[in-house]
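Given the coordinates of chain U, work out where chain G should sit on it, guided by the hints.
Chains U and G, in that order, give the protein sequences.
Reminder that position 268 of the first sequence reads as 268 in this note's numbering, one-by-one numbering, no gaps.
To convert, take the position in the second sequence, counting from 1, and add 335; that gives this note's numbering.
No wet-lab data here; the hints were simulated from the structure.
Beta carbons: idealized from backbone N, C-alpha and C, even for Gly.
You may find that some hints are simply not true.
Beta-carbon label-pair distances, calculated as ranges [stated by the list, open to error]:
| no. | chain 1 | residue 1 | chain 2 | residue 2 | range |
| --- | --- | --- | --- | --- | --- |
| 1 | U | HIS53 | G | VAL595 | 49 to 57 angstroms |
| 2 | G | ALA361 | U | VAL246 | 38 to 46 angstroms |
| 3 | G | LEU516 | U | PHE25 | 40 to 48 angstroms |
| 4 | G | ARG352 | U | ALA61 | 51 to 59 angstroms |
| 5 | G | PHE525 | U | ARG7 | 31 to 39 angstroms |
| 6 | U | PHE21 | G | ARG352 | 47 to 55 angstroms |
| 7 | U | ARG8 | G | PHE423 | 47 to 55 angstroms |
| 8 | U | ARG177 | G | ARG453 | 48 to 56 angstroms |
| 9 | U | GLN63 | G | TRP447 | 28 to 36 angstroms |
| 10 | G | LYS345 | U | PHE21 | 43 to 51 angstroms |
| 11 | G | VAL595 | U | SER3 | 46 to 54 angstroms |
| 12 | G | GLY391 | U | HIS156 | 17 to 25 angstroms |
| 13 | U | SER293 | G | PHE423 | 27 to 35 angstroms |
| 14 | U | HIS53 | G | ALA431 | 40 to 48 angstroms |
Computed footprint of chain U on chain G; a stretch qualifies when at least three of its residues, placed anywhere within it, have a C-beta under 8 angstroms from a C-beta of chain U [said to hold, decoys possible]:
| no. | region |
| --- | --- |
| 15 | 451 to 457 |
| 16 | 460 to 470 |
| 17 | 547 to 557 |
| 18 | 571 to 579 |
| 19 | 598 to 606 |
Each chain, letter by letter, is given below.
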Amino acid sequence: MLSFLLRRLGYLIFVVWGVGFAAFFISHIVPADPAAAALGSNARPAQIEAYRHKYGLDLPAYQQYLRYMVDLFRGDLGNSLRTQRPILSDLKDFFPATFELTLGAMVFAVLFGLPFGVIAALYQDRPLDLIVRTLALVGGATPVYWLAILALELFHSRLGWLPGPGELNPYLIEPHRITGMMVVDAALAGEWQVFWSALRHLIMPAAVLGAFSTALLARMVRSAMLEVLSQDYVRTARAKGLAGRVVTFKHALRNAALPVLTVMGSLLGSLLTGAVLTETIFSWPGIGSYATSSAIGLDFPAVMGVTLVAGLAYSLINLLVDVLYAVFDPRITYA
Amino acid sequence: MTAPAFLRSKPARRFLRNPGTVLGTALAVVLVVIALLAPVLAGDPLLQNLGHRLQGPSAQHWFGTDQLGRDVWSRVVWGSRISLRIGFVVVAVSLAVGGAVGMAAGMLGGFWDELLMRVTDIFLAFPALILAMAISAALGPSLGNVMIAVAAVSWPNYARLLRAQVLAVRTLDYVEASRALGAARFRQAFLHVLPNTLTPLLVQASFDIGSAILTAAGLGFIGFGAQPPTPEWGAMVSETRNFINEAPWASSAPALAILVTVLAFNLLGDGLRDVLDPRGRTRR
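Next comes chain U alone, as it looks inside the complex (with noise of 0.2 angstroms):
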């Protein structure tokens, strides 16, 4: 085991050492120029060389690319050319708001996805197994936008369930950082009205962003569940005469957790990053509008530093999962 996390751990490394070196070659070989994109069209030429200067952007690429490693090794990712601050500290503003949106519809995504995929396999063919397939397709096929655009429009133009973009009412004072999630903050803080509103803001954006997590569980859920479901322990615990509860539970839905762990692990890899567009549309202030609007601004430092931290995160789930796996089937061990 400490082998194999030994060699993953290399590997991880390789694989962030890529993301970064890629994500740096994208930035530079391209024709877009950030000096431009950051002074304006009425620079003059003094000021855009003055600016490529500071910024170290009339260097050569292989030293730009030299200064970049050096300073990533003394945990430096550089400046924004957009807020002009570190990034390392901007990544952590933002980044806390992803991690509890995406928590959120890790947790919508369970809640609804596991049980509907449950259901429809003990009912297979029967009209609920339909009615679950066939919101499981429409919602995997479904923009994410516009299904966000749709639950604005209804929950809170129209009905006013919840409430609108944002993380927080504006009249309400934010709770001491902490986490930087803004709901356990409120809730360490005993602020209950702040947490009360928190969670209310939450709710919508985690639903819209869980939806396609929510359909793809399901989906695998469901034929997870087929698959052990027709297995002979099942049959023969059946036959024994164990409750049906226990059976489903115990016997098939433990049997079935592996191909499901492996979908979730993906789904957080994604959700992270899917945050985007929903990020985006209920301007929430995570790595995704960050990530957004520095790529309209020719951030590249920017763009970089979350493109490093996505693929770190991707990496370490996907390790996680792996690690997972040899807890949940003993059959499973790394040598």
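Below, chain G without anything else, positioned relative to chain U:
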């Protein structure tokens, strides 16, 4: 009247027995036909008529008009050309690039296998939409660059898939036999291995047409794709979203077009998997 022979074959029957598959295929065919016949079916997607802003669906404007008085039906129909082209081109490019990498990794093995697959891992670890955004921001927002961006994030799947297939097929007797007969590695790869690895790729390709269209429309929505007034579905949803209250049809029509298109190719993929890939077949 009996059905033609090819419809009575076993795979065809299995394909036709599933209503979802038939629906998906029919939808996909209809969409392609609509895209091809756009000049006949629809009017000018760019023609503005400010006197007829935000009008509801009528005999004259099937899907109503948008905030500039443009005919939404015409825009959605012309948009299908863009989205389908993106879907097909992206998948073709991903298949070619990913296929070549996976094939090389599987056939060459050893050091090259390791190197190519680690490079593939790097691209898999890339946050898809953010990479696509970075690429289209860097190259400038345009349809061609959207295709490059989406292909850049979708080829690694094919590399992995084909490599796994090659590794499985490579050791089969008939490949061994061809080697024993002195076939060169290149000949082996293309004549004996490749044809027997295509099935799962075809299934994946069908799904990916849908997801490429979805990703590209997402890029269009946040402004990194086709620029207005191009009738691109994602951009259309974005342009008309502020009028959702007065004219829900203007943003819903392109959004539903995306939904139906993606759904069609997903259903098609499901059906193809059932027919072509016996191991992936789930009992229904």
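Each hint tested on the structure:
Roughly 53 angstroms separates the CB atoms of HIS53(U) and VAL595(G), a value that falls within the hinted 49 to 57 angstroms. Against the hinted window of 38 to 46 angstroms, the Cβ-Cβ separation of ALA361(G) and VAL246(U) comes to about 44 angstroms, which satisfies the hint. A beta carbon spacing of about 44 angstroms between LEU516(G) and PHE25(U) agrees with the range 40 to 48 angstroms that was offered as a hint. Separated by about 58 angstroms at the C-beta atoms, ARG352(G) and ALA61(U) satisfy the suggested range of 51 to 59 angstroms.
Taking 31 to 39 angstroms as the suggested C-beta distance range, the pair PHE525(G) and ARG7(U) conforms, at roughly 34 angstroms. At roughly 50 angstroms, the beta carbons of PHE21(U) and ARG352(G) sit within the given window of 47 to 55 angstroms. At about 37 angstroms, the CB distance of ARG8(U) to PHE423(G) disagrees with the hint of 47 to 55 angstroms. At roughly 39 angstroms, the beta carbons of ARG177(U) and ARG453(G) sit outside the given window of 48 to 56 angstroms.
Take GLN63(U) and TRP447(G): their Cβ atoms lie about 31 angstroms apart, and the range 28 to 36 angstroms holds. For the hinted restraint 43 to 51 angstroms between LYS345(G) and PHE21(U), the CB-CB distance of approximately 50 angstroms keeps it satisfied. About 50 angstroms separates the C-beta atoms of VAL595(G) and SER3(U), a value consistent with the hinted range of 46 to 54 angstroms. With their beta carbons about 23 angstroms apart, GLY391(G) and HIS156(U) fall inside the hinted range of 17 to 25 angstroms.
Range check, SER293(U) to PHE423(G): about 32 angstroms between beta-carbon atoms, so the 27 to 35 angstroms window is met. At roughly 42 angstroms, the beta-carbon separation of HIS53(U) and ALA431(G) lies within the given 40 to 48 angstroms, and the hint holds. With a threshold of 8 angstroms between beta carbons, the proposed coverage of the region 451 to 457 of chain G by chain U holds, since 4 of its residues qualify and at least three are required. Closer than 8 angstroms: that is the beta-carbon criterion, and the region 460 to 470 of chain G has 10 residues meeting it against chain U, so the requirement of 3 holds.
Counting residues of the region 547 to 557 of chain G whose beta carbon lies closer than 8 angstroms to any beta carbon of chain U gives 5, which meets the minimum of three for the stated coverage. Figure legend: the region 571 to 579 of chain G, annotated as covered by chain U; annotation consistent (4 residues with Cβ-Cβ distances under 8 angstroms, at least 3 required). Here the region 598 to 606 of chain G counts 3 residues with a CB under 8 angstroms from a CB of chain U, which clears the bar of 3, and the coverage holds.
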